[in-house]
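Asks: Add chain B to chain A, keeping to what the hints say.
What follows is the residue order along each chain.
Number of protein chains: 2
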Amino acid sequence: MSTLSNQQYRLAARPVGNPKHSDWNFTTEEVRDITDGEIIVQTIYISLDPAMRGWMNEGKSYIRPVAINEVMRAGGIGKVIASKSPKFAVGDYVSGGTGVQQYWVGAADDKTAGFYKVSPKLAPLPKFMNALGMPGMTAYFGLLDVGQPKAGETVVVSGAAGAVGQTVGQVAKQKGCRVVGIAGGKDKCDFVVKELGFDACIDYKSGSVKDGLKEHCPNGVDIYFDNVGGDILDTVLTRINLKARIIICGAISQYNNTTPVKGPANYLSLLVNRARMEGIVVFDYAARYGEAVAEMGKWMAEGKFQTREDIVKGIETFPDTLMMLFEGKNFGKLILQVGEE
Amino acid sequence: MSTLSNQQYRLAARPVGNPKHSDWNFTTEEVRDITDGEIIVQTIYISLDPAMRGWMNEGKSYIRPVAINEVMRAGGIGKVIASKSPKFAVGDYVSGGTGVQQYWVGAADDKTAGFYKVSPKLAPLPKFMNALGMPGMTAYFGLLDVGQPKAGETVVVSGAAGAVGQTVGQVAKQKGCRVVGIAGGKDKCDFVVKELGFDACIDYKSGSVKDGLKEHCPNGVDIYFDNVGGDILDTVLTRINLKARIIICGAISQYNNTTPVKGPANYLSLLVNRARMEGIVVFDYAARYGEAVAEMGKWMAEGKFQTREDIVKGIETFPDTLMMLFEGKNFGKLILQVGEE
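As they're listed, the protein sequences go chains A and B.
Per UniProt numbering, the first sequence runs over residues 1 to 341.
Per UniProt numbering, the second sequence runs over residues 1 to 341.
Chain A on its own, in the form it takes in the complex:
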């Protein structure tokens, strides 16, 4: 094989506030030859997720931080272009921890990368980064396992047009709940109501979330799936019902803070309402991903469930494309395309 040149984004510095261009090194290295048991994956799609911001910080979390000068961690989908492993053949499409780079090289059974096959015959590859990937698994198990929705209950989800929010709302509808989204802008709100079938959507950029909740949740809020934190979490806390469940999935409004995180000042609503706030990390459900894929795949096949992706091309756009998440500029699951299928 002729020598391949691998463009990569490496973490240059731990960001203070928003990640800046100077927090990245855009490097190039040659792809090395592989030995027995190894493969080369050519990355096609890279998943850009809010959680990546957390991985850039120092300190204990549910996963170790990305080291300085390490290739940025990311989930990706790619094509196997060389293999000395019986596990994958050249031409297979795989999903796993490719990182932000054009080629991944290593053992086919590398635990950290965790590659598994995906088939473009079952669904377009980007769907495997959305409802059929980590965001979908997060939404499905967070809502169903932590939230325990019952038919007739009211479910509110923030980041409603985002990767996790789309799936939360559609799964909740399938389970017979009233679903109210919170999103930024008329286009996103129209999308989740008209395309995804949410009952209503509150545009936090054009009006009061409090008024919107009063209007669209006349029976209060039984489940709140929180992707944003900050003021929106605090506002929803004033409208929860007895025995409400608040699923803490993320807090994108707080990730680039240079001041301390804003804690929910209305948390004593949990006491008054005997309510529960609980965190979810998707990896805990790895053994059960199959259940989720089966059920959501069935709904997709029946035309009852859809997802939207926002695909930006070019690895060189990575620093700016990542920022779209924190500026609320992506419309649907944000994906960076760095190669052709």
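Among the clues, some could well be false.
[What the hints assert, rightly or not] No more than 20 Å apart at the CA atoms, straight line, and that leaves these computed lysine-lysine pairs for PhoX-like: (1) A/LYS210 - B/LYS243; (2) B/LYS60 - A/LYS194; (3) A/LYS210 - A/LYS262; (4) A/LYS60 - B/LYS60; (5) A/LYS60 - B/LYS210; (6) A/LYS87 - A/LYS60; (7) A/LYS214 - B/LYS243.
Derived by calculation from the structure, the hints in this document are not laboratory data.
Replies: For chain B alone, coordinates are given in the frame of chain A:
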């Protein structure tokens, strides 16, 4: 019966910050004659509890606010001194919502007061305001039902020497847990360790709670029973284990705030640790109080369980005595004695 003069504390104004003398009216009225089905209760002990501060505020909560000019709501124990009801006889001791006054007059089956008999032969009457009363029920069901402790787990409780804290710690010890209290001052810490059998106690007034948790919870915190909120809650959140349970029982550090409540800035630790924060209101467990009294009563009889009360005499001291709670000056369950047994 000769005319009885009834001294009462009525809410004069909704306090801003700490309740001031001018927020109360100290009034006197004659006790009226009773009609069929009614009783007169002479109050002996009045329970002073942090929750009373919340009842003085306007706004929706788990119970309606005390109205301006209404006798202040409080739990009390008294003696029936007149009865035209078959439910109670003169000489019976009863526990219920007496309010902050010397005499309660009304229907024996008044639902708001909810009087039931207590016997000084079973336990000294003040114990019925402590482990065998609302604080004990709160502690017992909050710890066991919401916290679900398992033998070997580490339980941390704030307000450890207070009414709820004493019972939380002792119940947790009975269930085989390691128990670490947080309290203000050496005397309180010595008491919960030496008298109540806690494994350790952190004196938040003389040292760092963070360092104390590191030292005394080498395996992290599995359950945190929070009575105080504020900085202590935030510090404990940095030390919780996977699947930890945080029971929100109160937030005494925040009740007299004139600024907004300090929300827990470290609440995303719930996400990282897949942990749960859940509120408890004791009234939900009314149908099960008997279970708690039976089990704790047995431990008391076996000499494995004890409680401490801090009894202050004189109804006229009520405004100042109540403030002891918020200044951390009470040592044990705070009780106002306004009559003789």
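Asks: When the structure is checked against the list of hints, which entries are broken? Sort them ascending.
Replies: 1, 2, 4, 6, 7
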